[in-house]
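Visitor: Protein sequence lines correspond, in order, to chains A and B.
According to the UniProt record's numbering, the first sequence is numbered sequentially starting from 1.
According to the UniProt record's numbering, the second sequence is numbered sequentially starting from 1.
Any given hint could turn out to be false.
Lysine-lysine pairs mimicking DSSO-like chemistry, simulated, CA-CA at most 27 angstroms apart [what the hints assert, rightly or not]:
#1 B:K164 with B:K285
#2 B:K430 with A:K69
#3 B:K430 with B:K164
#4 B:K164 with B:K103
#5 B:K103 with B:K246
#6 B:K430 with A:K74
Only some residues are given here: those of chain A computed to face chain B with a beta carbon under 10 angstroms [what the hints assert, rightly or not]:
#7 D6
#8 I11
#9 G15
#10 A18
#11 P38
#12 L52
#13 R59
#14 K69
#15 L81
#16 Y85
#17 D110
#18 G120
#19 T133
#20 G142
If you are wondering where the hints come from, they were derived from the structure by calculation, not from laboratory data.
Positions of the beta carbon are idealized from the N, C-alpha and C atoms, including for glycine.
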Amino acid sequence: MKIAADRVLGIALIGLAAFIAVQAVQLEMPFSYEPVGPKAFPVGLSILLTILSLVMIFRPGPNGPWPHKALALKLLLVLALLLGYAVFFTQLGFIVSSLLVVTALARLFDATWGKALITGVIMSVIGYFLFTTALGISLPSGYWFDTFL
Amino acid sequence: MFDFLIDGFGVALTPLNLGLALLGALLGTLFGALPGIGPINGIAILMPLAYTLGLPAESSLILLAAVYTGAEYGGRMSSILLNVPGDAGAVMTTLDGYPLAQKGLAGPALGLSAVSSFIGATIAIIGLTLFAPLLANVAVMFGPAEFFALMIFAFSSMSVMMGKDPIKTAIGAVLGVLIGTVGIDSGSGVLRYTLGMPELYDGIDFVVMIIGLFAISEILLMLENSHSTDNDGELPPLGRVFVSLKEVLACKGAIIRSGLIGFIIGVLPGTGASVAGAVSYTTEKRLSDKDNTFGTGDMRGLAAPESANNAAAVGSFVPMLTLGIPGSGTTAVLLGALMLYNITPGPMMFTERPEVAGGLIASLYIGNIVLLMLNLPLAGVFARVLTIPRWVLVPAIAILAFVGVYQLHSDLFAIYLMLVIGVFGYLLRKLGFSLAPVILGYVLGGLMEQNLRRALSISGGDVGILWQSGISLGLWVAAVLLLVLPWLIPKLLAARKLSAG
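Modelling step: build the complete structure from the supplied sequences, incorporating the hints.
Guide: In structure tokens:
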């Protein structure tokens with residue numbers, strides 16, 4: 001299992017190298033005033049990457065343990081939360097989206113509901129004023145609310 | 001000759017910069033102590049904020065460098081108290097640090113670690129002051145061919161020294177270089193690997209890259225470790241708070257030797273605090289472990305890696321400031337921070353921007369003293385940081401990462417890209433890659449290609465120019481020797497043994 005991961009990676013990397021080389025060769029230059037254009041460097045890298053990947057396929061190294069099922073599910077949940085944070089960042093605004101995501105993240109990292117909610121409120125509200133007034137960063141206030149107000 | 005240093009102190013002693021050095025030292029120690037946030041993460045999170053504050057280049061470099069050196073101090077906390085290294089440089093510190101804490105000597109161990117870190121860093125800062133201008137004078141003679149050879153040397157030194165698996169280190173570096181090729185090619189104006197997305201025309205932003213690679217992947221990793229290593233609220237008692245002069249003097253040989261070793265290893269491109277810690281510990285064990293007490297709570301076994309890892313952190317500034325080649329993953333990030341200010345570190349920096357080079361070196365002297373004064377009396381306070389639960393830490397990192405990336409261009413594309421890079425970084429770490437080569441490749445790759453193309457433009461396409469001069473030929477030979485020797489020497493020794501027997 002451990003060894004297989006390195007082999008799969010090696011094959012994927014060779015695929016990547018091929019993609020890079022093909023893309024590089026297809027580049028069309030309108031003009032050229034130097035002997036080495038933009039193609040040579042990526043092509044060289046893809047050759048190097050292929051050689052290194054071949055070595056790894058034949059001599060795979062050790063990997064860390066992979067997450068079991070429950071943990072993998074949690075990982076996907078955290079990723080989904082971060083993705084949701086990105087999607088709603090401008091729509092709900094910094095305060096509301098941070099409140100929701102911080103509370104959910106704290107819950108996922110084993111905080112009780114109460115502690116998670118308090119963390120969420122404190123971080124989103126204090127964070128907003130710290131970033132906007134103290135550091136002068138403009139953060140989205142949320143245009144969904146703007147249309148309602 | 002040391003004019004730059006006098007000017008540098010003029011820069012570093014202004015109230016703003018003094019305050020930033022203090023703030024950086026404090027934040028760095030905190031970041032270093034927090035589980036999972038090492039120097040790179042600390043800098044990755046703070047860099048966009050430093051940039052938004054509109055600080056001048058030398059001031060933000062002073063802030064970030066203080067965070068870096070401070071994190072090396074902070075990394076020892078969890079090594080000594082919990083047997084969990086705070087970052088790669090503090091791994092060897094656990095070997096004798098944790099047994100000392102179990103004996104009830106956690107307080108003196110923290111104190112000794114602060115004093116050894118201070119002395120190791122001081123040795124290295126003096127070394128930096130002496131050698132950096134000399135090296136810069138040599139490096140002024142470097143042309144594109146020499147720089148290209150130097151980068152080849154840096155990558156080969158990195159493959160051998162960094163990480164456990166040289167092949168994976170090399171693959172990581174190549175992937176980093178490839179990520180750096182995305183965007184408009186400066187030489188010809190051709191679009192490379194932008195996949196038709198206009199947001200990628202300017203390439204993958206440095207801040208997006210490091211926050212994704214380090215902070216986001218760390219959040220995902222923390223989820224996995226949360227069950228195995230949570231020691232919430234269970235710190236061993238510190239015992240007496242101060243280390244005695246007698247204890248420090250007993251370690252003076254170990255501290256000074258390790259400081260020198262750490263500095264030299266730090267100067268070598270691609271090798272950082274973790275290698276320095278390991279080499280100094282094994283050297284010291286061989287030299288002075290007569291009663292077999294190393295590993296059971298010997299103070300010298302704690303002093304050696306602590307002195308060496310701080311010396312290496314400072315030493316890695318030498319190649320960064322003089323050659324523009326970062327000596328470690330963290331200095332690669334600092335190099336990128338300088339590039340945000342349109343400053344290309346390298347030999348010309350000492351003559352063209354003396355306030356940046358001199359100010360940084362002077363601020364290292366000041367920051368080092370500040371760190372000692374903070375860490376000796378406040379060890380107990382900093383140790384409390386270890387008890388911050390992950391459910392506070394993780395959301396805080398997430399908010400800082402999102403705000404840091406969002407404030408760049410106020411667009412969401414950068415945030416999505418950051419998440420994609422974060423998953424990529426997580427997968428690499430799970431597959432046994434270390435991320436430092438990736439970031440080094442990303443930072444150096446563009447420079448490497450430019451120098452290669454410039455050299456070949458000068459020669460009209462003749463590749464012979466790459467090893468024509470003595471300097472570049474020497475660097476090529478050194479690079480090849482570095483790659484071949486570790487593989488060849490054991491075979492030669494075995495052959496000799498065979499013929500002798």
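Visitor: A separate judgement is required for each hint: does it hold in the structure or not?
Guide: Quick rundown of the hints versus the structure:
1. B:K164 with B:K285: holds (22 angstroms)
2. B:K430 with A:K69: With Cα atoms ~16 angstroms apart, K430 of chain B and K69 of chain A stay inside 27 angstroms; holds.
3. B:K430 with B:K164: holds (14 angstroms)
4. B:K164 with B:K103: Measuring from Cα to Cα gives roughly 32 angstroms; hence the hint is violated.
5. B:K103 with B:K246: Distance of about 18 angstroms is within 27 angstroms: holds.
6. B:K430 with A:K74: holds (16 angstroms)
7. D6: holds (7 angstroms)
8. I11: violated (13 angstroms)
9. G15: Hint on G15 of chain A: violated, closest Cβ of chain B at ~13 angstroms, above 10 angstroms.
10. A18: violated (13 angstroms)
11. P38: holds (4 angstroms)
12. L52: holds (5 angstroms)
13. R59: holds (7 angstroms)
14. K69: violated (13 angstroms)
15. L81: Status holds, d = 8 angstroms.
16. Y85: OK, holds: Y85 of chain A within 10 angstroms of chain B, min 6 angstroms.
17. D110: holds (6 angstroms)
18. G120: Check passed: Cβ of G120 of chain A comes within 8 angstroms of chain B, closer than 10 angstroms.
19. T133: violated (13 angstroms)
20. G142: Since chain B brings no Cβ nearer than about 13 angstroms to G142 of chain A, farther than 10 angstroms, the hint is violated.
Hints 4, 8, 9, 10, 14, 19, 20, counting from the list given before, are not met by this structure.
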